[in-house]
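Protein chains: 2
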Amino acid sequence: MEKIPKHTQIFQYYAKMIDSKILKPDEKMPTEEEIGILFNVSRITVRKALDSLCQSGHIYKIHGKGSFVAHKKTNMQLNHLIGFSEEMRLLGKSASSRILSQELVEPPDSVAQALELGKGQKVYLLVRLRLADGNPMAIEKAYLPFHRFPGLEYDAEESLYAILSQKYGCDIGNGEQSIYADRADKREAELLTIKPFSPVLRISRVTYEKDGKPFEDVFSTYRGDQYIFKVRLGRDGSFVTV
Amino acid sequence: MEKIPKHTQIFQYYAKMIDSKILKPDEKMPTEEEIGILFNVSRITVRKALDSLCQSGHIYKIHGKGSFVAHKKTNMQLNHLIGFSEEMRLLGKSASSRILSQELVEPPDSVAQALELGKGQKVYLLVRLRLADGNPMAIEKAYLPFHRFPGLEYDAEESLYAILSQKYGCDIGNGEQSIYADRADKREAELLTIKPFSPVLRISRVTYEKDGKPFEDVFSTYRGDQYIFKVRLGRDGSFVTV
DNA sequence: TAGTGGTCTAGACCACTAT
DNA sequence: TAGTGGTCTAGACCACTAG
Numbered sequence: 004m005e006k007i008p009k010h011t012q013i014f015q016y017y018a019k020m021i022d023s024k025i026l027k028p029d030e031k032m033p034t035e036e037e038i039g040i041l042f043n044v045s046r047i048t049v050r051k052a053l054d055s056l057c058q059s060g061h062i063y064k065i066h067g068k069g070s071f072v073a074h075k076k077t078n079m080q081l082n083h084l085i086g087f088s089e090e091m092r093l094l095g096k097s098a099s100s101r102i103l104s105q106e107l108v109e110p111p112d113s114v115a116q117a118l119e120l121g122k123g124q125k126v127y128l129l130v131r132l133r134l135a136d137g138n139p140m141a142i143e144k145a146y147l148p149f150h151r152f153p154g155l156e157y158d159a160e161e162s163l164y165a166i167l168s169q170k171y172g173c174d175i176g177n178g179e180q181s182i183y184a185d186r187a188d189k190r191e192a193e194l195l196t197i198k199p200f201s202p203v204l205r206i207s208r209v210t211y212e213k214d215g216k217p218f219e220d221v222f223s224t225y226r227g228d229q230y231i232f233k234v235r236l237g238r239d240g241s242f243v244t245v
Numbered sequence: 004m005e006k007i008p009k010h011t012q013i014f015q016y017y018a019k020m021i022d023s024k025i026l027k028p029d030e031k032m033p034t035e036e037e038i039g040i041l042f043n044v045s046r047i048t049v050r051k052a053l054d055s056l057c058q059s060g061h062i063y064k065i066h067g068k069g070s071f072v073a074h075k076k077t078n079m080q081l082n083h084l085i086g087f088s089e090e091m092r093l094l095g096k097s098a099s100s101r102i103l104s105q106e107l108v109e110p111p112d113s114v115a116q117a118l119e120l121g122k123g124q125k126v127y128l129l130v131r132l133r134l135a136d137g138n139p140m141a142i143e144k145a146y147l148p149f150h151r152f153p154g155l156e157y158d159a160e161e162s163l164y165a166i167l168s169q170k171y172g173c174d175i176g177n178g179e180q181s182i183y184a185d186r187a188d189k190r191e192a193e194l195l196t197i198k199p200f201s202p203v204l205r206i207s208r209v210t211y212e213k214d215g216k217p218f219e220d221v222f223s224t225y226r227g228d229q230y231i232f233k234v235r236l237g238r239d240g241s242f243v244t245v
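If you're matching them up, the sequences are chains A and B in order. Counted from 1, the first sequence has number 131 at position 128 by my numbering; the numbering is strictly sequential. Counted from 1, the second sequence has number 81 at position 78 by my numbering; the numbering is strictly sequential.
Note that these hints are calculated values from the structure, not bench results. Any given hint could turn out to be false.
Unchecked claim - Calculated from the model, a selection of chain B residues having no Cβ within reach of chain A, i.e. all distances over 10 Å:
hint, residue
1, 6
2, 41
3, 112
4, 144
5, 165
6, 238
To be verified - For lysine-lysine, the following DSSO-like pairs were computed, each having C-alpha atoms within a straight-line distance of at most 30 Å:
hint, chain 1, residue 1, chain 2, residue 2
7, B, 68, A, 170
8, B, 64, A, 213
9, B, 51, A, 19
10, B, 125, A, 233
11, B, 68, A, 68
From a predicted model like this one, the values you see are computed outputs, not experimental measurements. From the three backbone atoms N, C-alpha and C, an ideal C-beta is built for every residue, glycine too.
Hey, can you work out the whole structure from these sequences and the hints?
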């Protein structure tokens, strides 16, 4: 039996109501006091739930008027750090992988720096072709610090994150991602079954564990004609004041 | 005299300390109780400040151990909704614009839908070439609902957002952005002074006011070799549980 | 003036980490 | 066992919106 905090329960309750359109855009939410009575919790607990709903884009608040259901265009969970498999599942596609190479190497300087490695520390380099519904979608080069994941071996069946989490207790925190447009080189084009020099989206990401330590440096190359990256941006210091 | 909430003051204090490297990565933060004594506030106020620092990526927390300064690679404010001028300023470049066209038009269906326009409602279409340090960086096509901004006129000197905010009381909330890679067509290549078919980053965004109403639908085309988009992603329901 | 969200307090108990 | 963060309460006062 899992213990779910009350504020999370309230968040989930309303997130579901809004996602399933039972509550419609611009509809007024109950007041904080009313929600408190409904769930039998204090106002501060309600506020924590509403703050989360605000940050996730489900509702918006107007001081002195109330909280209202937001006009969400995308029902997708944005700004969410997930792996390729999980992302494709959310898009209703089946994800698969083909391992292109898997080896222990000396990291390039930039990677060593990003992963905060000492001299001589090696990395596990996993290169995979990622497919959605059987069609090539991306090439992914992942560098993982070997001292953190000794004996790591990947077999293309499971999600890499699942292995890191289950076998090594890796607790994923957040990631910083850079995105730019480029053209595919010959080999990439071949793998992605597109014409050479076709546009691709290059995404590089350093992912951190909950304790703040980087555990992965990934370079992905997505087909420009197939993949769209979505994100929600806020005003103010990255969502500081909601 | 502006009234700044205590939790914001505490947030700003530590954000500054961390950004300026006075507090170093992995360094332990004072306990919540200690901070409360320092600033003479209650623990719940301290927690609100620390939660903000967590979300902005300045610190990370470990239950039972304490809060620690995070290993931030980028000092940039990520996930922050800003205009081109503001962004370039943060990158230390000077931004300028050349107006390519400016007219009142019937919106394409997709735009009308995104901006939630009724039949026959027109939009103000502003197309600009955006330059950084005098070099072409992006082409930006912005659709604005004319009924919201009657008599709007743009003169290339000010920031568009500044006008919307000052003259029309437009209070920017957040935006949803889609990003993909494509190639420049002939005219775009010419404007951006790159070769035809060079890779570009296409970004489209619907921006909402604080009250949840969409006020802008923008289509930008950035030089692939000049512009990198950065973003921070979190685990869990988009930063719900910190 | 009434309603509603924004800020803040003082204090309690639980859960996780370390020794 | 002690330290620390996670959850939660009951209640107060302020600031903004609306009639």
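Here's how the hints hold up against the structure:
Remark: the non-interface label on residue 6/B is consistent with the geometry, its nearest Cβ contact in chain A lying 13 Å away (cut-off 10 Å). Non-interface call for residue 41/B relative to chain A: holds, since the shortest CB-CB distance, roughly 20 Å, exceeds 10 Å. At the 10 Å boundary, the C-beta of residue 112/B stays outside the reach of chain A, the nearest C-beta of that chain being 14 Å off. Even its closest Cβ contact with chain A, about 17 Å, leaves residue 144/B beyond 10 Å, as expected for a residue assigned away from the interface.
With a least beta-carbon separation of about 14 Å from chain A, residue 165/B lies farther than 10 Å from that chain, consistent with its non-interface assignment. Chain A draws residue 238/B into its interface by the beta-carbon criterion, the shortest separation being 5 Å against a cut-off of 10 Å. Restraint check for residue 68/B and residue 170/A: satisfied, since their Cα atoms lie roughly 23 Å apart, inside the 30 Å limit. For the hint linking residue 64/B to residue 213/A, the alpha-carbon distance of about 8 Å falls within 30 Å, and the restraint holds.
Of the supplied pair hints, the one linking residue 51/B and residue 19/A holds, its CA atoms being roughly 26 Å apart against a limit of 30 Å. With a C-alpha separation of about 27 Å, the suggested pairing of residue 125/B with residue 233/A holds against the 30 Å cut-off. With a C-alpha separation of about 40 Å, the suggested pair residue 68/B and residue 68/A falls outside the 30 Å cut-off, and the hint is violated.
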